[in-house]
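Asker: Use these hints to put chain B onto chain A, whose structure you have.
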Amino acid sequence: MNIKIIGLGGVGSILIERLCRFLNYSQVDTSFVVTLIDGDEYEDKNLERQEFTRLGDKAEIKANDLKIKYLNLNIDYIIDYINTDTISRGISEKDIVFLCVDNHKTRMVVSNYCKTLNDVILISGGNELTDGNVQIYIRKGGVDITPDLCAYHSEIATPTDRSPDEMSCEELSKSEPQLYFTNLSVATIMCWAYYNVVVQQNIDASEIYFDMSRMSVDAKTRIVK
Amino acid sequence: MPIYSKVELENMNVKNQLKPMAVKMGLPGYSKKTKAVVISAILEKQGAAKAAKAPKSATASIAPAAAKKAMNAIEFCATSVLTKPSAKKGDKCTTTIRVSSGASSGNFPVAGRSVAEVAEFLREVLNIQKMSPGLVNGKDVEGTYILKDGDELEFLKPAGSKG
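So the protein lines, in turn, are chains A and B. The working numbering puts the first residue of the first sequence at 12, with every later residue one more than the last. The working numbering puts the first residue of the second sequence at 209, with every later residue one more than the last.
Excised from the complex, chain A in its bound form:
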């Protein structure tokens, strides 16, 4: 078992700190590797939502900071975006994957790739301004235990957006407004998912929605199609 965190933006940069603290101090076997994957650089404009100590490659900066803080963990990084060409380098059998990207194209690529593996746990989060969801895709012995990311979400199965490596600098510089608290909610629910699925071996829910403006959370159990 190894842990992969894909995307170190508003959700990923918050999630990784909490997850590493839990892993470092809990009584779990820490022989696994935690790998941070992102091709993006941290810039001043990310300051209000993302947790980094300096400018530069997000994966490298965060991995080096975490290595100093959490000495029990083996932390590695890959400076690259995940797409159909790079995904086999990023995800392997028996991985636990935290998908924290900001586009459905990458979600579709990762979900479809996980469907080709025998054993994998994929926890994917996404948000809009004040609401969002977390999906849990579990595959065991080559069989889907919970639905993949595309099964109930046509917007992921046939995405209209593009991954960051397909976008121009101008497109990348334009981003829709997001709230730190919403990113924090997604990261927190992804931690719930990890704790329930991996630590407690409880897979009652496969999708969790939250809405900050309505102060509500609802977990759904979905049938594998």
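Just so you know, the hints here were simulated from the structure itself, not pulled from any lab data. Only a predicted model underlies this, so the values are computations on that prediction, with no experimental measurement involved. You may find that some hints are simply not true.
What the hints assert, rightly or not - For each label pair, taking beta carbons as the anchor points, the in silico distance ranges come out as:
1) A/Gln212 x B/Gln225: 32 to 38 Å
2) B/Pro210 x A/Asp155: 50 to 56 Å
3) A/Ala168 x B/Ala319: 58 to 64 Å
4) A/Ser37 x B/Met339: 50 to 56 Å
5) A/Met12 x B/Pro293: 45 to 51 Å
6) B/Met339 x A/Asp155: 24 to 30 Å
7) A/Val235 x B/Val231: 33 to 39 Å
8) B/Gly314 x A/Lys105: 37 to 43 Å
9) B/Ile211 x A/Met12: 52 to 58 Å
10) B/Ala319 x A/Ser179: 25 to 31 Å
11) B/Asp357 x A/Asp215: 21 to 27 Å
12) A/Arg173 x B/Ala319: 42 to 48 Å
Said to hold, decoys possible - Stretches of chain A that chain B covers, calculated by requiring three or more beta carbons in the stretch to come under 8 Å of a beta carbon on chain B:
13) 15-27
14) 108-121
15) 166-175
16) 185-195
17) 206-212
18) 220-229
Beta carbons: idealized from backbone N, C-alpha and C, even for Gly.
Answerer: What follows is chain B alone, placed relative to chain A:
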């Protein structure tokens, strides 16, 4: 095991006598139930045991399966609301159906309505998006599907795109 009357059972201690008795009688899941619920289950079980021991009669042949295996417990969820307070007893309440969209949900008296009607009616209440597909008990349905008692309806909300 001796047969107790309701009064005898009511005079017993729920923790030390009734709950251990329920376990001995093969009634699981009563450790956190109230005294009244445990007594009712024991009486029901005693009744079933009596019926099983009783000599065969004309009525025994009507439900042989029930006599062979007593029902221990029923697990179900039903919600109803008082919609017709002035109606006669038994017609005062309407069964409600759980309808959800994303993190928003509620129980509404929509049995007998089509999925499309419910989407229109609850669009603002549950923040249902236009063209949002409906799932009844987890399965895809058309907008023309008529909701029945016991159904659970979800309008799929798109996944969050940012992160």
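Asker: Output the numbers, in ascending order, of every earlier hint that fails for this structure.
Answerer: Violated: hints 3, 4, 5, 10, 17.
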